[in-house]
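Residues per chain are reported as follows:
Number of protein chains: 2
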Amino acid sequence: MTEKIESIRNAPIGVFDSGVGGLTVAREIIRQMPDEGIIYFGDTARVPYGNKSKDTITRYSRQIIRFLKTRQVKAIVIACNTASAYALEEVKKDLDIPILGVIRAGAVSAVKATQNGKVGIIGTEGTIRSGIYETVIKEMMPSARVSGKACPLLVPLVEEGLLHDSVTDEIASRYLSELKAKYVDTLVLGCTHYPLLRSTIKRLMGEDVTLINPAYETAIELKALLEKEDLICCPGVCQPQEKYQFYVSDLAEKFTNFASSILPQQVKETKKIDIENY
Amino acid sequence: MTEKIESIRNAPIGVFDSGVGGLTVAREIIRQMPDEGIIYFGDTARVPYGNKSKDTITRYSRQIIRFLKTRQVKAIVIACNTASAYALEEVKKDLDIPILGVIRAGAVSAVKATQNGKVGIIGTEGTIRSGIYETVIKEMMPSARVSGKACPLLVPLVEEGLLHDSVTDEIASRYLSELKAKYVDTLVLGCTHYPLLRSTIKRLMGEDVTLINPAYETAIELKALLEKEDLICCPGVCQPQEKYQFYVSDLAEKFTNFASSILPQQVKETKKIDIENY
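Protein chains in written order, with my numbering: chain A, 1 to 278; chain B, 1 to 278.
Keep in mind that the hints were calculated from the coordinates and are not lab data.
No residue lacks a Cβ here, since even glycine has one placed at the ideal position from N, Cα and C.
Among these hints, one or two may not hold up.
[Claimed, not checked] Derived Cβ-Cβ restraints for the label pairs, each shown as a range:
no.: 1; chain 1: A; residue 1: Leu95; chain 2: B; residue 2: Glu90; range: 30 to 40 Å
no.: 2; chain 1: A; residue 1: Arg203; chain 2: B; residue 2: Gln72; range: 54 to 64 Å
no.: 3; chain 1: B; residue 1: Gln239; chain 2: A; residue 2: Gly131; range: 51 to 61 Å
no.: 4; chain 1: A; residue 1: Ser177; chain 2: B; residue 2: Lys202; range: 26 to 36 Å
no.: 5; chain 1: B; residue 1: Lys69; chain 2: A; residue 2: Glu125; range: 25 to 35 Å
If we strip away everything but chain A, and leave its shape as in the complex, we get (with noise of 0.2 Å):
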């Protein structure tokens, strides 16, 4: 029975995206969490999620979960706000392991920062037309204030690597003006692209604007929630190599140098699987 235990408790958390911008919640979870492994999908053959629908988004969500099972995770994180505000909760009712988005431990953390109680949210069209974000701060908070922001043509830029470039600071004052105009004091950045546009919407929102990176949250919330249920892997047991592994439905040599320059470590390898056959 012990043997049993241990063996769920060393068995990977996989994670999952649309494309690359998940990366940036593995690295927490990596930094938070050294000694677990990981089994990480970008779904780089139908990215975007973001301008998607529900029914679509929570399809795909459920091919993805359906993959990683073979993978015999013991526990998964939604690393994209879209796929987590739409089909989190759907998915939740059919599986037998712990499952975790990214939406919470934002709304979490922008609670606890505001002082003045208005919050402003960006994220993808379909993460901000679900209004999750501020249905769960409204949970914890009653009196918030959210407003919310889709942004779209920022993750294309920050795709094209245009990260300090005028015509971002462009888009991104564009976008940011209505919630300055609102006086939020804390920004949740509602997709996992724009924690790599941190200095320029710091600097476009003030200093006095706190910026709640969900990533950061959730390998916290990850962390409590292995613990809870007695998930935790036991030191030294993954062997480096295979600690970490990636796959995607496209352009595995694309993801891998990406990935390389995201992560604290080289990226060997990323395996091309046919996802819509899960």
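Mind docking chain B on chain A? Use the hints.
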């Protein structure tokens, strides 16, 4: 026998794209062949195609062609530059009806238009990486000097509606400066979204540079092909309400609104299908 041939002649033309861009091709077909029926498919659940691999785009194209065949189309137009570049030659092999893409027609026009033999191509990463415009142009004009430039941000800017905007000007200007420096006298708008930026591109390139819109040329090529194959429909056969049928893999209502703004008539309905099942 005559009756069977007539029913084939009167069958609709299948047109597909990764999303809404191919509607500019459908619009040209409607203008030039007002009697023909059209079945349009937009792959809105997996859009965009421009930054995905040849294998993936070919697999998606095969699924869509299987779907269009269930609708008894008499011919197929790949109204997407990336899918034309990557998949046309592959899917042609096992198809028993005529199929054409948008590349050849654009290349033929460019060769006709150029005076100095210097031709520029703008398109998605996939289209430019494939080098297909250069290959096809050089088959016809071995002395041509063809310069390709991938413009990945133009599609999201168009989809955000920033058609006349300082940011779009700045980004387009960066992309086009390289081609201007090469003194191209002809520029192929090698992505179905780009004709919507025609006036900006014209202003930046200058009056002396001829812009080629493959949508227009493809409709001419299609008409010639249908005539050659004796597949022109009998006038007045298609009922107006079912003459143009629209299918997508996601967000049918959003598509209906966009299509109505592009096409000469109101689109009443778009049906959503699960393309992964084909």
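For each hint, the structure was consulted:
1. Under the hint 30 to 40 Å, the C-beta atoms of Leu95(A) and Glu90(B), about 38 Å apart, fit the expected range.
2. As the Cβ distance of Arg203(A) to Gln72(B) is approximately 58 Å, the hint placing it in 54 to 64 Å holds.
3. Distance hint for Gln239(B) and Gly131(A): a CB-CB separation of about 42 Å, inconsistent with the stated range 51 to 61 Å.
4. Between Ser177(A) and Lys202(B) the C-beta distance comes to about 31 Å, which sits within the given range of 26 to 36 Å.
5. Distance hint check: the CB atoms of Lys69(B) and Glu125(A) are about 33 Å apart, consistent with the given range 25 to 35 Å.
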